[in-house]
Structure formats: structure tokens, C-alpha cells
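Fit chain H to the given chain G structure using the hints.
Going line by line, the protein sequences match chains G and H.
Heads up: the first sequence begins at 11 in the working numbering, then just goes up one per residue.
Heads up: the second sequence begins at 201 in the working numbering, then just goes up one per residue.
For the record, the hints were derived by calculation from the structure and aren't laboratory data.
A hint or two may mislead.
[Said to hold, decoys possible] Derived SDA-like pairs (lysine to any residue); straight-line CA-CA distance at most 25 Å: (1) G:63 / H:295; (2) H:270 / G:21; (3) H:270 / G:111; (4) H:226 / G:63; (5) H:226 / H:278; (6) H:226 / G:21; (7) H:269 / G:51; (8) H:226 / G:51; (9) G:67 / H:297; (10) G:21 / H:296; (11) H:226 / G:68; (12) H:270 / G:63.
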Amino acid sequence: DAGITQSPRHKVTETGTPVTLRCHQTENHRYMYWYRQDPGHGLRLIHYSYGVKDTDKGEVSDGYSVSRSKTEDFLLTLESATSSQTSVYFCAISESGRPDTQYFGPGTRLTVL
Amino acid sequence: SQQGEEDPQALSIQEGENATMNCSYKTSINNLQWYRQNSGRGLVHLILIRSNEREKHSGRLRVTLDTSKKSSSLLITASRAADTASYFCATDGETSGSRLTFGEGTQLTVNP
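Isolated chain H (complex conformation):
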């Protein structure tokens, strides 16, 4: 069963606007990662946040983690057309070893 569920499934915004995507998960985690997938390509790692962290930044990306609500959000500020992609959260937990469980993804479209 899928651990992570992204919300919304699809998001369309204008260039320059901020994009927020959410991920909810069911069981306790050690870490949560976000990946990006451009059309027809493999996934690319964006950022990792540990269960004892609440917020992390990387360039125009801001990730928050609320373990009490079992949820995370990915904020992309000042979006660009090149940010158009699918975004996935992935979690690992106490019993998962090196395995990640991915959500179904959010399709982000940034219109120029």
C-alpha cells in the first residue's frame, strides 16, 4: 500500500507564483524526501528532511514536516516554467531499511 499521498494531484499556476504541494503518510517515518520527475525522465532528488526537523530550505524550495499530523509540504517560490514536472514524496521508516515508499505525485504545470 502507498505510504505517501500527495495533494493536490494536479496544480496549474502562473510563472512567478508560489506552488505548494502536500504529502500525507500513514506510519511513523525516519526521513521524508521529495523528488521531481520531468516528463519522460527519471526522478531527481530535491531535498531530504529528517523526522526531528521541522523545516528545511534549498534555494527556492522550502519543505516542512509535521510528524504529529503525519504530513509534509513542499513550497516552490517564484515558480518558473522549468519547474513544470511531477513531484513525489518518499518516506522510509523503522522497518524499511534502505527502501523508500513513494506517493502518487503532484503534477505541477507552470504557465509562462
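Okay, chain G solo, but in the shape it has when bound:
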């Protein structure tokens, strides 16, 4: 998985609790992305980062925030988790902007009860 780790790999939490997912890369790539994958929707972009402290919203950003204080780490936070945020979350990285291959982490399965 191209030097990308995600933690935790599995998490079960309750509605209303805050959750933070971490993506860590060892490739020194500039771009990092957070996607969610749900049946019938494919992968949808939540937020992405084009450099340290530079982030922007994706297609489904409501209820999520991100931070990138170091090149290697990109954090996704659910301030108050809801059942609709039960999903598999993937982090991806790319070396440059378009066009470019994205390399994906192994995913985090999040269940919100």
C-alpha cells in the first residue's frame, strides 16, 4: 500500500462522540485525500490537502473536518459522529496534481451505533 498507513483500522463508536482518523505516509507526497466508500456510491471525496495547512472541501464534506500540520499526516475528524457516517474511509496520496496516480491506504472501517 505504497507507504500509507491508516489508524485505527476498525472502530465502533456511538452517535454524538468525536472521532479522529489518521493517515500517515512515508512517500513525502504533496497531495493527500480522504474518501468514503459506501455501497451504491463508489468512492466519494470528503476533503483533500495540497500542502501543509492547505486543505479544501470535496463532494461530501459536511460533518467532517481535516487538518494537516505535517507533510506525512492528514487527520480526518468527525466532530459528532452520526449513523450516516458509518462507512469505510480511505486515505490516498499523490505526488503532484493532475494528472496523477493516487495511491490508497488500507482503509478504516467505522461503525457509528
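Frame of chain G; chain H shown alone:
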């Protein structure tokens, strides 16, 4: 909204047969990529085709792009059980920057 839509949603074939998956998209693109996802894993890049290219090969993979029909196809020749996976197309366009828009995927099962 999803840019790419794969067809069929699921495909089951025998080992040795060819598998063809199609992707249609709505707006003009710069590039189209295909990714594979094995069960429980992240996506893996297979091939990228630019909007000015019509066909590209990589090993047993053949990708075609028809920008007039806004569609692409992925052909896997002489399939193997190890090709069993979900396959996704992803596009980027003039205004998408580094962002990709993924389709919903085709689930390919290759029976030994």
C-alpha cells in the same frame, strides 16, 4: 454527483475468458484512470488514458476511450482467478484540479 458509471455492476466469467467493463461519464475530461480493489483492500492504480488517446495497453489490460460518446472500456484478456476484484473508473476534468471522481465500480468474479 457521480461522474463515472460502470457497466455492468457485476460480471462473472470463467478463467481464461475475456472480461469487458465499461465506464460512461457526463462532462469533458482530461484523463481517465482505472483502478482495481480487492476485497477488504485499498484501490490500486491500473492504467491512465489521456483525453487525446484512443487506446492503451498494459500487459493483459486494454483500455479504450471514446470522448465523443463519453465512454471508456477496460478489457482484461485471458482472465485469472486472481483478477477477481472490483474495478473502478475515475476521471479528472478542467475544473477538478487534482481531484478524481470515481464511478460505482464493476464487481468481477473469475471462476476457476
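Against the structure, the hints:
Note on residue 63 of chain G and residue 295 of chain H: the hinted pairing holds, with a Cα-Cα distance of about 22 Å set against a maximum of 25 Å. Simply put, residue 270 of chain H and residue 21 of chain G have alpha-carbon atoms about 39 Å apart, too far for the 25 Å limit, and the pair is violated. At most 25 Å may separate the alpha-carbon atoms for a hinted pair to count; residue 270 of chain H and residue 111 of chain G meet this at roughly 21 Å. Taking the CA atoms of residue 226 of chain H and residue 63 of chain G, the gap is about 33 Å. The hint is violated against a cut of 25 Å.
Distance restraint check for residue 226 of chain H and residue 278 of chain H: the Cα-Cα separation of roughly 31 Å exceeds the 25 Å cut-off, and the hinted pair is therefore not satisfied. In summary, the hint linking residue 226 of chain H to residue 21 of chain G is not supported, as the alpha carbons are separated by about 36 Å, beyond the 25 Å threshold. Note on residue 269 of chain H and residue 51 of chain G: the hinted pairing holds, with a Cα-Cα distance of about 23 Å set against a maximum of 25 Å. This hinted pair checks out: residue 226 of chain H and residue 51 of chain G have alpha carbons roughly 16 Å apart, not beyond 25 Å.
Our distance criterion of 25 Å between C-alpha atoms is met by residue 67 of chain G and residue 297 of chain H, whose separation comes to about 12 Å. The suggested pairing of residue 21 of chain G with residue 296 of chain H is violated, with an alpha-carbon distance near 32 Å, which exceeds 25 Å. For the given pair, residue 226 of chain H sits about 18 Å from residue 68 of chain G by alpha-carbon distance, which is consistent with the 25 Å threshold. At roughly 36 Å between alpha-carbon atoms, residue 270 of chain H and residue 63 of chain G are farther apart than 25 Å, so this suggested pair is violated.
Checked against the numbered hints above, the structure violates hints 2, 4, 5, 6, 10 and 12; every other hint is satisfied.
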